[in-house]
Amino acid sequence: MEYVIEMNNITKIFGNFKALDDVTFKVRRGEVHALLGENGAGKSTLMSILFGLYQAEKGSIKIKDNPVKINNPNDASNLKIGMVHQHFKLVHNFTVLESIILGRETVNMGILKKDDARKKVIDLSERYKLRIDPDAYISDITVGMQQRVEILKMLYSDSEILIFDEPTAVLTPQEIEELMKIMKELVKEGKSIVFISHKLNEIKEVADRCTVLRKGKYIGTVDVKTTSKEQMSEMMVGRKINFNIDKKDIITGQAFLEVKNLTIKSKNSKRNMVNNVSFAVKGGEILCIAGIDGNGQSELVYGITGLIPINEGQVLLKGKDITKESVRKKSMDGMSHIPEDRHKHGLILDFDLKQNAVLQTYFQPRFQKNGFIKFNAVTEYAKKLIKQYDIRSPRDEDSIVRNMSGGNQQKLIVARELDKDPDIVIAVQPTRGLDIGATEYIHKQLIAQRDQGKAVLLVSLELDEVMDVSDRILVIYEGEIVGDLDPKKITVEELGLYMAGSKRSDKYES
Amino acid sequence: MRAKLLQYEGFTSFLSSLMAIAAGLLVGLIILLVSNSEDAFPAFVMILKGGFEDGSRGMAQVLYFAIPIIMTGLSVGFAFKTGLFNIGASGQFTLGAFVAIYIGIKWTFVPEQIHWLVALLGAMVAGAFWGSGPGILKAFFNVNEVITSIMMNYIGMYLVNMSIVKTVYDSLKNQTKPVLKSAILPKAGMDKLFNTSNVSIGIFIVIIAVIVIYIILQKTTFGYELKACGSNKEASRYAGINEKRSIILSMVIAGALSGLGGGLLYLSGSGKYIHVLDVLAPEGFSGISVALLGMSHPIGIFLSGLFIAHLEVGGFNIQLYNFVPEVIDMIISVIIYCGAFALLFKQIISRLISKPVDDTDKKNIDGSVPIMYSGADNTFVEDEAEDKTEQGEDKK
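Chains as they are written, first to last, in our numbering: chain A, 1038 to 1547; chain B, 350 to 745.
Read the hints as simulated data drawn from the structure, not as lab findings.
Careful, some of the hints might be misleading.
What the hints assert, rightly or not - Quick list of in silico lysine-lysine cross-link-like pairs, DSS-like style, CA-CA up to 25 Å: (1) A:K1381 <-> B:K582; (2) B:K455 <-> B:K621; (3) A:K1411 <-> B:K568; (4) B:K582 <-> A:K1361; (5) A:K1166 <-> A:K1126; (6) A:K1361 <-> B:K593; (7) A:K1457 <-> B:K568; (8) B:K593 <-> A:K1302; (9) B:K593 <-> A:K1304; (10) A:K1241 <-> A:K1166; (11) A:K1421 <-> B:K621; (12) B:K530 <-> A:K1366.
Just so you know, these numbers come straight off a predicted model, no measurement behind them.
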């Protein structure tokens, strides 16, 4: 029995689109097998077929040499296939123990036998070195711990094939390291792991073999140890990717954006979401705010851009106090905002491309006359952006934005925001969910802004992005700035300590 | 090519509406067959003929029925385009009707030539005022406009009943007094054309309203702002659009449209009076049907209003065969019900004729970006995956 999973010649068609085209995927017993590909390469679709959510048009699946038909997740579960989803599925007001046994409760005459379950859970957690507190509530534990709960849940139901769907996206470097250890431990115990990711560092560290998909096609399976990151990324993208971002030396100009003692109170609790934050972004500088999600970076940006009211403090744009200005005034004064959630804030999904292109400028004389929109001018402008920023869509300027791919939606926002020729660009996770090609493109655009002497405030959760793109890093933890760091002089591990709140720069000692 | 595609999209919308109508009529036929199989077919033909049954008088009757429901339909549809569900059309309509009648009777100081115009304007202002309430509550306190506008319907209805009794009451017939001749809409020869007194320039005012609303929504920055707020409030705020102002103005305009509808109906000089009864004006609710069937598009609303009025005239006529006119209400309900499946119909239709369109699409796919498999699709896959797993777990 060489392979635990054999998916042979899988083809899956949605409408007229081949999501998977003759893909073969084989996992050996006791290995970590990485599944690598850009967004839309078909990774999720392939795993959805394995998990019984979709049925393939062509191809066959063998589990432990037995041909099987997986019609729904229950079948998958019976075949001992378990999946940790990217977004955890946990009940927040349940304890860890209750969450783990949910769906597989052992009962005696309708009454839960929690003691047996507790014993089994504790045994499992010791065996696989998954530290948990069975009586803590899900809402109180860290994301890393929640993920361990999810893993235990799979183990509790005796899964032997574990699928991890981009498990590291939400973790700190320390937590990622721990997860890697756990995965190695699981494999040692005879489990097989499918590790879906597009982060080459992690694959390099933990995986034994790696299957690469590109646009629904099977590109190849390689041995991770003997293959370089560059080779793998070339397989994934289909061309060479430049990992080193070229940057000119920092030209320090005047402070374009200054934030002074900014405080934003939480609506629900007494805690301040943003607590007395001060910093300045200078011309020719990319200042990055790093931190784990939920530490006040979103609120900070909403406060600066005017989307939520601020309780105390000042925001200055090129020395001018704009704290109380309207969103539109700020935008006209030279502030651009690439929002965190492009569907919620950045775009009107049911509008077409050209109407989204003028979302903040439609009232300017070049696009309207006496209250009537000059559609010709709008169309011309949209065409210009499409050409200049290489935005691809089914029907060019008439495409409904909802039908565009995530990368091109983001490109449209970036195009719109940068074309305003702003003094300061506030970009919040501008590459979230984007593939390598689009990420590279957006980084280049941000750096071009900087090279023109403009200021960029980048908020990011991706450590690679933080380290590569920024000129200076501020770390935010629980609404406070805890570190002012130079990316050239700091390691990722050290940055992680700041982000987790276990280290502070002297200047920010409280 | 693009123009063709646009036509094609409108075409599928139109086809799916037709499918809904066919389904509704089929159900109507079944009801007729069940209640009296002998006369069912002649009655059904009569429904189909509707306003054509009675020559020009029938047509006039269709227009008469259509005018108020097109206006309330525009009101509901306009609010809907801007993300608001205006169930308060009934109250706004009633307020408009009352103010029109009040001005039509009491404001004798207005020059006779423009008396009707002043009365209509009064109706619009009254409707706008009544619509503004839910708008203000929604904008400043985030109170759901559905609830407030329903309540405003009742408040409006009782307020109007009370005011009628105090001001323009005909206690003998328990209704409003007739308006002065100068306040009745000019006929402009329409009565001679249709050979009946039911018609007036009202239909032209409706057409003007349809065009104005169409232009506001499609051509102006104001309409752009309203639609942006309706489609995505957060993104509008991000874009610096004053979403509070947009919500209030949207409700004010919707209210004015309904109010104008009330004015047009009660000033048409057809012997229609407001009865002092504790019943909400049905025109307001018909407006919802009209807007749904017309897919909230001004021109669609105009056509669907005419169509529903046509059916109503037919429903009136089938009483000849001893059928009750309520059959029509059932047919209309089924049509609306199927209209809710319009998306489904749309998908079926576009799948049936999809191939040529995809060829045009392929031209734009230059091989590097798989467009069909967009980011949105990706999340959809994930979401569905989540749902299914949850179901799977539940079953166990």
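Hints, verified against the model:
no., hint, in the structure
1, A:K1381 <-> B:K582, "holds (9 Å)"
2, B:K455 <-> B:K621, "holds (18 Å)"
3, A:K1411 <-> B:K568, "holds (8 Å)"
4, B:K582 <-> A:K1361, "holds (21 Å)"
5, A:K1166 <-> A:K1126, "holds (22 Å)"
6, A:K1361 <-> B:K593, "holds (18 Å)"
7, A:K1457 <-> B:K568, "holds (24 Å)"
8, B:K593 <-> A:K1302, "holds (23 Å)"
9, B:K593 <-> A:K1304, "holds (21 Å)"
10, A:K1241 <-> A:K1166, "holds (22 Å)"
11, A:K1421 <-> B:K621, "violated (58 Å)"
12, B:K530 <-> A:K1366, "violated (54 Å)"
Checked against the numbered hints given earlier, this structure breaks hints 11, 12; the rest are met.
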